Amino acid sequence: MTRWRPKALAAGIILSVAVPFLPLVLWSLSERWFFPGLWPQQWGLRAWQHLLDAAGGQIASGLAHSTALAAATAAVSLVVGVPAGRALGLYAFRGKALAVLLVVLPLIVPPLSVAMGLHLWFIRLGLAETFAGVVLVHLTVCLPYTVFVMWGVFANYDPDFEAQARCLGASALAVAWRVTLPLVWPGILVAGLFSFLLSWSQYLSTLIIGGGRVLTLPILLFALMGSGDRPVAAAVSLVFVAPALLVLLVSARHLGRGGLMGVR
Amino acid sequence: MVSGQIGGRDARTRAARWDLCLAGLLAPALAVMLLLFGGGLTLGGLQALGYLPGAGMTELTAAHFTRVLQDPDFLTSLGLTLHIALTSTVIAAVVSVALALALTRWSIRSRLVHFVLQVPLTVPHLVVAVSMLFLLAPAGLAARLAAALGLIASPGEFPLLVNDRGSIGILLVYIWKEIPFIALMVLSVLQNAGGELIEVGRTLKAGPWQRFRFILLPVIAPSLAAACLIVFAFTFGAFEVPWLLGRTYPMSLPVRGYKSYADVDLAARPEGIAIGLIIALVVMGAVALAVWLNRLAGSREAIR
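Top to bottom, those sequences are chains A and B. So the first sequence is numbered by our numbering: it starts at 1 and just counts up by one. So the second sequence is numbered by our numbering: it starts at 1 and just counts up by one.
Read the hints as simulated data drawn from the structure, not as lab findings. Note that the coordinates shown come from a computational prediction; the quantities given were computed from them, not determined experimentally. Be aware that one or more of the hints could be misleading.
Computed beta-carbon distance windows for the label pairs [unchecked claim]:
1) A:Pro186 x B:Arg202: 36 to 42 Å
2) B:Thr203 x A:Ala11: 30 to 36 Å
3) A:Leu101 x B:Leu293: 16 to 22 Å
4) A:Ile14 x B:Pro28: 40 to 46 Å
5) A:Arg178 x B:Val90: 45 to 51 Å
What the simulated footprint calls covered on chain A by chain B, stretch by stretch (three residues with Cβ under 8 Å from a Cβ of chain B suffice, anywhere in the stretch; the number is not a length) [unchecked claim]:
6) 84-90
7) 143-154
8) 199-205
9) 227-234
10) 242-248
From the three backbone atoms N, C-alpha and C, an ideal C-beta is built for every residue, glycine too.
For reference, chain A alone in the conformation it holds in the complex:
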């Protein structure tokens, strides 16, 4: 076997993954860049300054909106999803198949089908065009995912550790805090981070339920693509992708290789 082939494959992988980032970086740093030019005729930071300027205040608020929404959705997903994951992972019970179906189905049914149905109801309840309403519709995407991840975590979890701690006189709270949490922490981290990302990436469900009132980054990015200001759209895309890469770095540190298996 020749030595260069594995190296060529590794280089090919890195190059293919890097390609889509290239036009975004170049365009975000270009001031003037007309057609035949392979490089911008004039480089500059106009796009990035625009993001920080008063004119870009909308983008700063979009960033704040997206962050708050995703954080709230991830938090609710964890609070509601971790116990359910425990129940599915540790116990066999009657009706489990039905519970599993209710958790797995939303993983494959697209959010647009659900969001369109919920919209009218949310208008009646006064939840349309509100932060809470958008959190609720994002939950239909993030909660099943959290339950699914925690189900896998608790399937490999030994509850006897808890029993031992109880025998040694630990209170229920101490057991939860000092035994259970440290054991399932990597799973909680992954579930939380990826719920955050799933909510962060939502576009259509935010648009339908938020009705153009809840202006998240993807909604602004779509508007920018319509306006045709490529440098600013490129810069916003890079801001939009930053947490994704950050999450990847964090989870790679905490989980090692293959830690993200099965994540979408």
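On the provided structure of chain A, position chain B as indicated by the hints.
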């Protein structure tokens, strides 16, 4: 006897307490899903069947569904959506399997490569679509490269790769996004089970093709099928990428559904919801079919 009775009662109270505890763990999540997911689909179904008490329409009718299904453009949209979902899934699956095999065969375990391979998993589809537009549009980076190499003189000469007939831009986004997803699923199976079995095959004088067909493929098939199913379901129902990189005619089903839903003519709204539900039905049907085929294959194995 007495102690037995006490023991029985004890066990029963313990079982009851356990049931209560289990219900407490599960109830919040199931309630949220039943209300939001089940509720969303049910309410959508009622609206698509023309039940809008607020607008004074309380009679159920299949008219919206029939109008959607009888529209000749519906089949074109369905065909386009199936083309996007199936082509991207098949190409991504083939490349993923080859990639996973190559990575295990050459035992590439570099942390960098494995980290880089995970990058597309987390990048939002929307960002990839925007980048693909900058890359492949008639005045995009690829066209500039072609011009620099003297292949084309004006942007118009560059082949149409976005908003195009073959949906090439859309397919490229999905393939870039989904290859790592499928490859990592396959890779984890191969790393756990592949090596020894291949050795056995080799000692039994199986050729490369036989080793792949009769050893590796059966080993990776369940994960590969599950990954492909998830990819198919996602690409069939996703909106952003075809909205940004697709043509105005024909539209993919999700784009068509949203367009009808957001139409200024409110009468088109139930049709939009009907299309959304048809998408959900197709996706659920695909999963049901896969489960059934899997069971069928399982029973055939058992007979053999």
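| Which numbered hints turn out to be false for this structure? | Per hint list: zero violations.
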